[in-house]
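Protein chains: 2
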Amino acid sequence: MTGWVVIAGLGPGAEALVTPEVSDALAQATDIVGYIPYVRRVTPRPGLTLHESDNRVELDRARHALEMAQGGKSVVVVSSGDPGVFAMAAAVFEAVEAEPAFAALDIRVLPGITAMLAAAARAGAPLGHDFCAINLSDNLKPWALIEKRLRLAAEGDFAMGFYNPRSASRPEGFVRTLAVLHETCEPERVVIFARAVSTAEEAIRVVALKDATPDMADMRTVVLVGSSRTRVIPRDGAPFVYTPRFTPA
Amino acid sequence: MTGWVVIAGLGPGAEALVTPEVSDALAQATDIVGYIPYVRRVTPRPGLTLHESDNRVELDRARHALEMAQGGKSVVVVSSGDPGVFAMAAAVFEAVEAEPAFAALDIRVLPGITAMLAAAARAGAPLGHDFCAINLSDNLKPWALIEKRLRLAAEGDFAMGFYNPRSASRPEGFVRTLAVLHETCEPERVVIFARAVSTAEEAIRVVALKDATPDMADMRTVVLVGSSRTRVIPRDGAPFVYTPRFTPA
Chain A
1 MTGWVVIAGL GPGAEALVTP EVSDALAQAT DIVGYIPYVR RVTPRPGLTL
51 HESDNRVELD RARHALEMAQ GGKSVVVVSS GDPGVFAMAA AVFEAVEAEP
101 AFAALDIRVL PGITAMLAAA ARAGAPLGHD FCAINLSDNL KPWALIEKRL
151 RLAAEGDFAM GFYNPRSASR PEGFVRTLAV LHETCEPERV VIFARAVSTA
201 EEAIRVVALK DATPDMADMR TVVLVGSSRT RVIPRDGAPF VYTPRFTPA
Chain B
1 MTGWVVIAGL GPGAEALVTP EVSDALAQAT DIVGYIPYVR RVTPRPGLTL
51 HESDNRVELD RARHALEMAQ GGKSVVVVSS GDPGVFAMAA AVFEAVEAEP
101 AFAALDIRVL PGITAMLAAA ARAGAPLGHD FCAINLSDNL KPWALIEKRL
151 RLAAEGDFAM GFYNPRSASR PEGFVRTLAV LHETCEPERV VIFARAVSTA
201 EEAIRVVALK DATPDMADMR TVVLVGSSRT RVIPRDGAPF VYTPRFTPA
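Heads up: the sequence lines are chains A and B, in that order. Just so it is clear: in the first sequence, position 116 is 116 by full-length UniProt numbering, and no numbers are missing. Just so it is clear: in the second sequence, position 16 is 16 by full-length UniProt numbering, and no numbers are missing.
None of these hints come from the bench; they were simulated from the model. Careful: at least some of the hints might be erroneous.
Unchecked claim - As a list, the in silico EDC-like pairs of lysine to aspartate or glutamate whose alpha-carbon atoms are at most 16 Å apart:
1) B:Lys-141 with A:Glu-186
2) B:Lys-148 with A:Asp-157
3) A:Lys-141 with B:Asp-157
4) B:Lys-73 with B:Asp-106
5) A:Lys-148 with B:Glu-155
6) B:Lys-148 with A:Glu-155
7) A:Lys-148 with B:Asp-157
8) B:Lys-210 with B:Asp-236
9) A:Lys-210 with A:Glu-186
To be verified - Stretch by stretch, here's where chain B covers chain A in the computed footprint (C-beta under 8 Å, at least three residues):
10) 20-26
11) 177-186
12) 239-247
We put the beta carbon where it would ideally sit given N, CA and C, even for glycine.
Can you make the complete structure from the sequences, with help from the hints?
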């Protein structure tokens, strides 16, 4: 029996956003590995072992999955969103690089709907032009690099998507982010706070930068910032927000 | 009868990458609107009218969809990949802004797997850290803006995903792009050419920047460029490419 590891993206929350490719992999798996809330999205069945792990043990979790595959298991590492965007795929390949024998395994990454793009779809098309994705957590990189990237993204007039904007333990990062945006963008710049997109707790808030406050974000929020050309179309209910395709010379 | 417009992402090509949400919208539609090859991905059935249009008529196509919804039709505008990423969603909202009566319509965007993330998944996790998405076509923006963004993205050491790298009619843009990368990145920087991902014609090529040539890209290719920290894990067959989550101070 030949084992394999699939790193699969479950999307932002709704089952209707899980691709058939991912559903098929889950149906073929012998073992599911992942952070507790993501593993709990998988329906238990006979012959399937669920391995729940805590947050911040990504490398241990990756090694566990790879070792089970070496032993002949069919393992799906579940990730929210897209596994390649600030999620489990990089952690698995870090574990592979550290232990060359793992590189011979059958390892595949199955894409999913990442939170930034699900949030953009709910708001309209705010990322309809060039954009950057930045993880605001300074757990794994220095704040100076985050700030540098924010300033360069603003200078390039990219739209931006922010992951992990504000943890309970380190809320000051998003305060600093807003301060950088105030220095580099005009007060009317469009900011979208998209919380728990596609779940029952979904909440989308569209504000001007001058009205954005740190408490509008938490770890279940992605924040989108328009470019200088992003437009808001008012209407009954939430406005449509989009970034035009055309930029004049 | 109340009409609606859904702008739906069909993903990069494979049916297994179409979300159930999009499949449901297609099943409920009375009319499908889109660029010829995308409309042809929808299975004909009684009661469903397929409206194929040529490329570069996005605004006409958007207005047509919105007018049909005003007349009570259930319209799906099909896009490849994700409709919010260099695709049809921005065009629809441009048409809405130009004609305020359209803003009262039921308009929803359904996300899809965008080519950049499908390509990244095939290669490993090259976008596992902060990244930028840049459309290299200068049809709708000046080349100077593209070049500025390339230089800022390189300065910020973002990974990059390029859409529309090289059209048959204007192949010189990608020559210039490689020239900017040669000025701003080291010769060993990882470049991935991902053509027609998830289709029968899929081809993934991983090269060092010094070995990248313009003919490696065409309009069916997305190009991914790693950050300075992106790693290549050699193995039998295609290597794994990933960008580590951790960046030291």
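Sort out which numbered hints this structure fails and list those numbers smallest first.
Of the numbered hints given earlier, those the structure breaks are 1, 8, 11, listed in rising order.
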